[in-house]
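Undergrad: Chains as they are written, first to last, in this note's numbering: chain A, 1409 to 1531; chain B, 237 to 346.
Take the hints with a grain of salt, since some may be wrong.
Here are the computed lysine-lysine pairs in the DSS-like style, where the Cα-Cα straight-line distance is at most 25 angstroms [stated by the list, open to error]:
| id | chain 1 | residue 1 | chain 2 | residue 2 |
| --- | --- | --- | --- | --- |
| 1 | B | K313 | A | K1453 |
| 2 | B | K278 | A | K1413 |
| 3 | B | K313 | A | K1485 |
To be clear, the hints were calculated from the coordinates, so they are not data collected in a lab.
Model, not experiment: these values are computed from the prediction.
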Amino acid sequence: QITLKESGPTLVKPTQTLTLTCTFSGFSLNGNGVSVGWIRQPPGKALEWVAVIYWNDDKRYNPSLKSRVTIAKDTSKDQVVLTMTNVDRVDTATYYCARTGGAGYYYTGWDYWGQGAQVTVSS
Amino acid sequence: VLTQSPLSLPVTPGEPASISCRSSESLLDRNGFNYLDWYVQKPGQSPQLLIYMGSSRASGVPDRFSGSGSGTDFTLKISRVEAEDIGIYYCMQALQSLPITFGQGTRLDI
């Protein structure tokens, strides 16, 4: 059974650094084509892709967030960590992690999602 | 940029529904596949995958859902809407050469 779960602070002050952890089970991020990514959703707004990390340690970032965001994986712990520096009130959102089971011809879509972690940026 | 229409879609149970998603760039890869997904976010839930690569139905998705299109124009169709289908539907482009982006979402209401 594949599961993903986000964890991290619910409240962060402006200018601080936000660190979110996605802990997953039921698959390996060493598997060819597998990726885990972060998607966020401000209250009442649409989904916005943040970052993704691939089985081969390639990383892609939303160009609008690239200067503030870092994604990393710890395959020994089955975790993916998202770090966002210098947060602002506009970063208030529910942050989801999700996975794809393959790439290229074997792309599966983002087929499993976590329940989401609500993060509020406020002083 | 992905542009969905309509943004709001009132439907009657048993009737069909259709949502359009247009991309500012072609989502057709050199390998012949279109990297356009459809997701639904039901009230209070995480998004869930419906369709990937334009027309492939995800595991467990009822066959009343279908995806079509190629290049820049894509459509999600529900052959007969059921009450459980209410939610916000998003298209998402996943072509490797472009940033991953979502459409604005289409709210489906009974």
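Undergrad: Give a verdict on every hint.
TA: Comparing the hints with the structure gives:
1. As the CA atoms of B/K313 and A/K1453 are separated by approximately 23 angstroms, the hinted pair is consistent with the 25 angstroms bound.
2. A threshold of 25 angstroms between alpha carbons decides the hint, and for B/K278 with A/K1413 the separation of about 19 angstroms falls inside it, so the pair holds.
3. Restraint check for B/K313 and A/K1485: not satisfied, since their Cα atoms lie roughly 41 angstroms apart, outside the 25 angstroms limit.
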